[in-house]
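Could you build the full structure based on these sequences and the hints that come with them?
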Amino acid sequence: INMFSSLMLASLSVLTLPIMSSILNTHKNSTYPHHVKNIISYAFITSLIPTMMFIHSGQETIISNWHWVTIQTLKLSLSFKLDYFSMIFVPVALFVTWSIMEFSLWYMHSDPYITRFFKYLLTFLITMMILVTANNLFQLFIGWEGVGIMSFLLIGWWYGRTDANTAALQAILYNRIGDIGFIMAMAWFLFNANTWDLQQIFMLDPNLTNLPLLGLLLAATGKSAQFGLHPWLPSAMEGPTPVSALLHSSTMVVAGVFLLIRFHPLMENNKTIQSLTLCLGAITTLFTAICALTQNDIKKIIAFSTSSQLGLMIVTIGINQPYLAFLHICTHAFFKAMLFMCSGSIIHSLNDEQDIRKMGGLFNAMPFTTTSLIIGSLALTGMPFLTGFYSKDLIIETANTSYTNAWALLMTLIATSLTAVYSTRIIFFALLGQPRFLPLTTINENNPFLINSIKRLLIGSIFAGFFISNNIYPTTIPEMTMPIYMKLTALTVTILGFTLALELSLITHNLKLEHPTNMFKFSNLLGYYPTIMHRLPPLANLSMSQKSASLLLDSIWLENILPKSISQFQMKTSILISTQKGQIKLYFLSFLITLTLSMLLFNLHE
Amino acid sequence: MSLAHINIFLAFTVSLVGLLMYRSHLMSSLLCLEGMMLSLFVMATMVVLNTHFTLASMMPIILLVFAACERALGLSLLVMVSNTYGVDHVQNLNLLQC
Numbered sequence: 183i184n185m186f187s188s189l190m191l192a193s194l195s196v197l198t199l200p201i202m203s204s205i206l207n208t209h210k211n212s213t214y215p216h217h218v219k220n221i222i223s224y225a226f227i228t229s230l231i232p233t234m235m236f237i238h239s240g241q242e243t244i245i246s247n248w249h250w251v252t253i254q255t256l257k258l259s260l261s262f263k264l265d266y267f268s269m270i271f272v273p274v275a276l277f278v279t280w281s282i283m284e285f286s287l288w289y290m291h292s293d294p295y296i297t298r299f300f301k302y303l304l305t306f307l308i309t310m311m312i313l314v315t316a317n318n319l320f321q322l323f324i325g326w327e328g329v330g331i332m333s334f335l336l337i338g339w340w341y342g343r344t345d346a347n348t349a350a351l352q353a354i355l356y357n358r359i360g361d362i363g364f365i366m367a368m369a370w371f372l373f374n375a376n377t378w379d380l381q382q383i384f385m386l387d388p389n390l391t392n393l394p395l396l397g398l399l400l401a402a403t404g405k406s407a408q409f410g411l412h413p414w415l416p417s418a419m420e421g422p423t424p425v426s427a428l429l430h431s432s433t434m435v436v437a438g439v440f441l442l443i444r445f446h447p448l449m450e451n452n453k454t455i456q457s458l459t460l461c462l463g464a465i466t467t468l469f470t471a472i473c474a475l476t477q478n479d480i481k482k483i484i485a486f487s488t489s490s491q492l493g494l495m496i497v498t499i500g501i502n503q504p505y506l507a508f509l510h511i512c513t514h515a516f517f518k519a520m521l522f523m524c525s526g527s528i529i530h531s532l533n534d535e536q537d538i539r540k541m542g543g544l545f546n547a548m549p550f551t552t553t554s555l556i557i558g559s560l561a562l563t564g565m566p567f568l569t570g571f572y573s574k575d576l577i578i579e580t581a582n583t584s585y586t587n588a589w590a591l592l593m594t595l596i597a598t599s600l601t602a603v604y605s606t607r608i609i610f611f612a613l614l615g616q617p618r619f620l621p622l623t624t625i626n627e628n629n630p631f632l633i634n635s636i637k638r639l640l641i642g643s644i645f646a647g648f649f650i651s652n653n654i655y656p657t658t659i660p661e662m663t664m665p666i667y668m669k670l671t672a673l674t675v676t677i678l679g680f681t682l683a684l685e686l687s688l689i690t691h692n693l694k695l696e697h698p699t700n701m702f703k704f705s706n707l708l709g710y711y712p713t714i715m716h717r718l719p720p721l722a723n724l725s726m727s728q729k730s731a732s733l734l735l736d737s738i739w740l741e742n743i744l745p746k747s748i749s750q751f752q753m754k755t756s757i758l759i760s761t762q763k764g765q766i767k768l769y770f771l772s773f774l775i776t777l778t779l780s781m782l783l784f785n786l787h788e
Numbered sequence: 322m323s324l325a326h327i328n329i330f331l332a333f334t335v336s337l338v339g340l341l342m343y344r345s346h347l348m349s350s351l352l353c354l355e356g357m358m359l360s361l362f363v364m365a366t367m368v369v370l371n372t373h374f375t376l377a378s379m380m381p382i383i384l385l386v387f388a389a390c391e392r393a394l395g396l397s398l399l400v401m402v403s404n405t406y407g408v409d410h411v412q413n414l415n416l417l418q419c
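Protein chains in written order, with the working numbering: chain A, 183 to 788; chain B, 322 to 419.
For the record, the hints were derived by calculation from the structure and aren't laboratory data. Using N, Cα and C, we set each Cβ at its ideal position, and we do this for glycine too. A few of these clues could be false.
Unchecked claim - Simulated DEER-style distance windows between Cβ atoms: (1) A:S749 / B:F330: 42 to 52 Å; (2) A:L777 / B:M379: 21 to 31 Å; (3) A:F773 / B:Q412: 11 to 21 Å.
Written out as structure tokens, the structure is:
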């Protein structure tokens with residue numbers, strides 16, 4: 183008996199139960215957050231069964247339930263595509279969300295609206311599931327917009343703070359610009375392929391796919407914070423730490439990459455778009471890694487690290503390896519969420535202190551957090567045989583041995599070493615050395631919620647890479663033979679980064695204060711990108727539109743062209759050429775004399 | 322030319338000279354303009370009645386109508402000048418200079 187589809191539907195619908203409970207008003211009691219966390223853990227366990235069935239048999243399923251509407255020749259229905267990508271992503275996402283829910287039970291414990299917070303997180307998870315399991319572009323768009331809206335609500339959770347409101351607005355605006363690309367792709371598919379179903383698009387295999395793929399690339403740039411639409415991601419750190427951990431490290435920002443991965447049959451045949459994604463990802467990863475070097479807020483450094491890893495994923499898509507990019511999404515979710523949770527534990531322990539210049543010496547005071555932070559950073563930089571190694575090292579190897587753009591490759595390698603540099607920076611400033619925080623501390627990491635959740639993700643980030651890599655079926659043939667220096671490239675640049683950062687930190691620890699150089703300012707102010715782009719284009723747009731609308735039409739065309747110009751012209755010329763002085767009597771006298779003279783002449787002349 | 326015609330013609334000439342040569346008040350030139358008009362009216366009526374030129378007996382009436390309009394215009398100009406300056410001395414009319 184094949185219960186694959188019903189089990190999957192069961193695990194998806196179980197998630198919607200707490201939302202329904204708000205109709206019955208049972209969500210006002212204080213155990214609601216515990217209910218939510220339990221439900222997510224049940225959903226995770228339930229979804230493991232279909233995943234294992236899928237891995238065992240390799241069959242994909244498409245559940246097409248409910249025919250919604252047919253608009254002339256376009257049939258829209260509710261359809262779930264349960265293939266390799268969604269089946270592996272759903273358990274990973276549910277596991278990470280379970281840990282984050284448990285963590286936020288500790289972090290948001292004193293918040294009076296904690297039930298609303300959990301409801302928002304749950305809604306976000308549901309929309310993310312809709313996005314991942316969507317089979318047609320319409321359902322994907324519903325999930326896409328849903329995660330955008332929940333991101334807005336969650337970033338602006340502490341809405342009394344101006345910075346939080348502007349950050350939420352920034353997120354929405356940048357996502358909207360990306361949505362233009364999405365809608366353009368949808369329109370192109372509607373016109374040229376007469377469908378929004380992924381199966382039909384891949385079967386038809388249209389020839390000139392430049393335009394829709396450009397649209398999808400723009401959508402991914404907006405949602406996944408690639409270069410050009412990136413400032414919203416560091417600003418989104420104004421939200422609470424569980425929000426940063428869930429949205430902006432594991433689930434929402436990978437929606438853009440996920441979209442590109444979904445369309446990989448179309449991207450295989452289009453070399454132009456591949457080069458474009460490669461260069462875009464390379465620029466992103468290098469630029470954000472540079473910006474991460476001199477930030478002083480621990481959450482912003484981790485945010486830039488996320489952005490850099492996203493660039494790496496886009497680079498992987500650019501070298502035509504969608505399955506590797508997907509593997510990196512799954513492994514990255516584990517250690518990035520854990521890094522955010524460790525930083526949340528540090529922040530809460532130091533009484534909401536987020537500046538790393540005011541932390542230090544936590545190595546002895548918070549051993550568990552220290553352990554997980556170090557392991558998370560090692561996994562991030564691709565330490566052999568931890569989680570990150572299985573995806574990141576494979577990516578670097580494949581990039582080295584493939585026929586690709588050398589400049590993009592160089593950028594990616596530099597960014598990889600910079601990853602090690604800023605990870606060392608976090609460890610050095612936050613954990614080592616002498617304490618730089620206030621003596622009256624509230625350091626306490628003994629809460630079981632905190633410890634259990636971080637412990638779960640810790641085990642995940644050590645073993646998940648191995649576990650997942652051994653259980654999926656091979657999709658592309660990895661390059662097995664390469665020169666030894668290429669094989670060791672990733673390891674070498676990482677170790678180089680580590681040692682360089684450690685040496686620099688130790689040497690410059692006791693120097694006198696210098697004023698920041700230009701390079702420092704470039705890196706600290708995010709390369710001046712937000713400063714320029716948030717002021718100049720809006721000013722230019724608004725002033726140009728005001729001038730063209732009111733000044734050009736109203737005042738010039740209606741007022742100035744005929745009436746006022748005529749009056750001014752007449753007055754000027756009449757003053758210029760008239761010689762009268764207003765001597766009326768003289769003029770009348772001359773008239774009389776002329777008249778008399780003429781009369782005399784006529785009469786006496788004969 | 323008979324004596325009556327010469328008389329009226331002389332009245333016309335005196336008014337003309339008075340229009341063109343006045344001292345300081347704009348009102349006096351307007352008055353002389355009225356005198357010219359009056360003499361013209363009388364002259365025209367006399368000639369038409371003496372020569373029995375019936376078809377042209379409308380002409381003096383129409384002349385009167387147009388003179389009334391012209392009187393109104395002249396008086397309104399006078400009122401404008403009087404509004405600006407208080408008196409209507411001619412030496413005040415010097416705005417349109419270079």
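Hint check for Q412 (chain B) and F773 (chain A) - Cβ pair distance inside 11 to 21 Å
Given about 18 Å between the Cβ atoms, the range holds.
For S749 (chain A) and F330 (chain B), compare the CB-CB distance with the range 42 to 52 Å and indicate the outcome.
This hint holds: roughly 47 Å between Cβ atoms.
Is the distance from the Cβ of L777 (chain A) to the Cβ of M379 (chain B) consistent with 21 to 31 Å?
Holds - the Cβ-Cβ distance for L777 (chain A) and M379 (chain B), about 29 Å, lies within 21 to 31 Å.
Of the numbered hints listed earlier, not one is contradicted by the structure.
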